[in-house]
Amino acid sequence: MGFLDFIHQWRSNSRIRSLEQQLQHRPTPALYLQLADAHREAGNTQKAAQVLKMGAARFPSAPEITRRQAEAEKVERENEKRRLIDRIQTHPNPILYARLAEVYKADGELEMTSATCQKGIKAFPKYGGTYLVLGQIYVEKKQWQEAAAQLEKSVELDRYNYQALRLLAQVYMQLGRPADAAQQLEAILYFAPGDEAILELLKKTKEAAGQPLSGRQAAVGAGIQRTGRTLVQQRGADGARQVKTTIQRISAGSQRDKALNDGMANLRAVSGVTGAVLVDQYGLVVAADLDQSLDESLVGALITNIYRTTSGNAVKLSVGQFEEGLIEGESGNIHIVQLEEMILAVFARPDVKMGMLEKTIRDFALVAVQQK
Amino acid sequence: MRNILAKLNKTHGIRGCMVVNRDGIVAASDLSIEADETGIGAVTSTILAALEGALKRIHLGRFGRFVITGSEGKIAVVDAGQAVLLVLLNRDVNMGMVNVEIKEAAAAVMEKSKM
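Sequence lines, in order, name chains D and R.
Numbering that gives the first Met the number 0 applies: residue 0 is where the first sequence begins, and numbers increase by one.
Numbering that gives the first Met the number 0 applies: residue 0 is where the second sequence begins, and numbers increase by one.
Take the hints with a grain of salt, since some may be wrong.
[As the list claims (entries may be wrong)] With a straight-line Cα cutoff of 25 Å, these simulated DMTMM-like cross-link-like pairs (lysine to aspartate or glutamate) come out:
1. D/K141 x D/E108
2. D/K315 x R/E71
3. R/K55 x D/D290
4. D/K46 x R/E33
Honestly, the hints are just simulated from the structure, not real lab data.
Using the sequences and the hints, build the whole thing.
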């Protein structure tokens, strides 16, 4: 690097630091735009897009920042489509199909979305995420019966999928089946207690079904308890056998599964670690190594709920974009790390060696992102 | 309550702190940055419900603390009995260095809440 390049880079870094400091104390749309420009001029377009996204989340009614963010997202989606198509050719897995379909959907290419889902379902029929995207397409087309069929399949494969359950409830309402809709919403409250949006929907569905709620607290308590029993009854004796089967169920025997299995085993080998679970962006468990007493799908749903609640509100909490979280309970901790579109949760005793755990998580993150 | 928060805010790396009731109502706050306090209070209550539900079902006992690291900073949500203490921190803060002060402040808030 020449002297002039060095000076240019130093100036660019100083400008970025200064703008970041100003943003921390007094955020404005103009500052977000300046910071995004500074990152773009420094050659970091990904970071520039990230800043625009945060700015748009913080100032949703500022026209310039929302326009620039939409443009950046469009470019990002085109890049992602190319990357996903290449990856499907070389290392296919069900999450790639579902993600590609979702990216087509975001661009309004409904036929491509549908075709991608069909291909994904043909290749990996046991993955619920693809049925969910297909269900969303039918919802957009207002084809309620078809939407219900796809979403029921998605829920059948993963009964703790927040998005699928919620959408299925809305579809049942369209089909005039409020009692069935209420059942789906109660199932959500089992792993997402106190979810305001779900409680509101549940209230409406119960009223439509002629079973008005007596009050908000009653709804939360009754919903959780009743659903808890229903889920246990549905799960029955095969509940324990579901543990540690996720990787095989989705795509048996691939190189990716072996890499993720090895990564999980490495995490579990850290002294004090009691288990780990990797969840995709649809809340479906990609890999898990948990205590036999825990239902991996339920754990995945609980972790996704924490992640969704936290990351969705991270800007409001003045911390920017969610990266990781550490939950400390009385008898153990949960480390939650975002790995691009996946979430890794590691369970550990309070006396775990944090340095070793963080290193192993970083190693696992590399493996998981490469295998995506 | 304000004295507890003001004392905690003197710790290097802390950008501000708040006490929020478990139903999301802000009881006291001392922030050095511009933030939507009411919004933070409401969000905290929602996050707390998700955390407590998960800890119960995964059998990890009572909620103690949640530290979120984001691209622009950290936030610690700490159990303080009938309320929670929220601490906004710089992203690069060494948690080991501020843990003692946060624990002391949470204990003091818990005592005050009982009165």
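Against the structure, the hints come out as follows:
1. For the proposed pair D/K141 and D/E108, the alpha carbon gap of about 16 Å is at most 25 Å, so the pair holds.
2. A distance of roughly 12 Å separates the Cα atoms of D/K315 and R/E71; the hinted pair therefore holds under the 25 Å criterion.
3. Taking the CA atoms of R/K55 and D/D290, the gap is near 15 Å; set against the 25 Å cutoff, the hint holds.
4. The straight-line distance between the Cα atoms of D/K46 and R/E33 is roughly 24 Å, inside the 25 Å bound, and the hint therefore holds.
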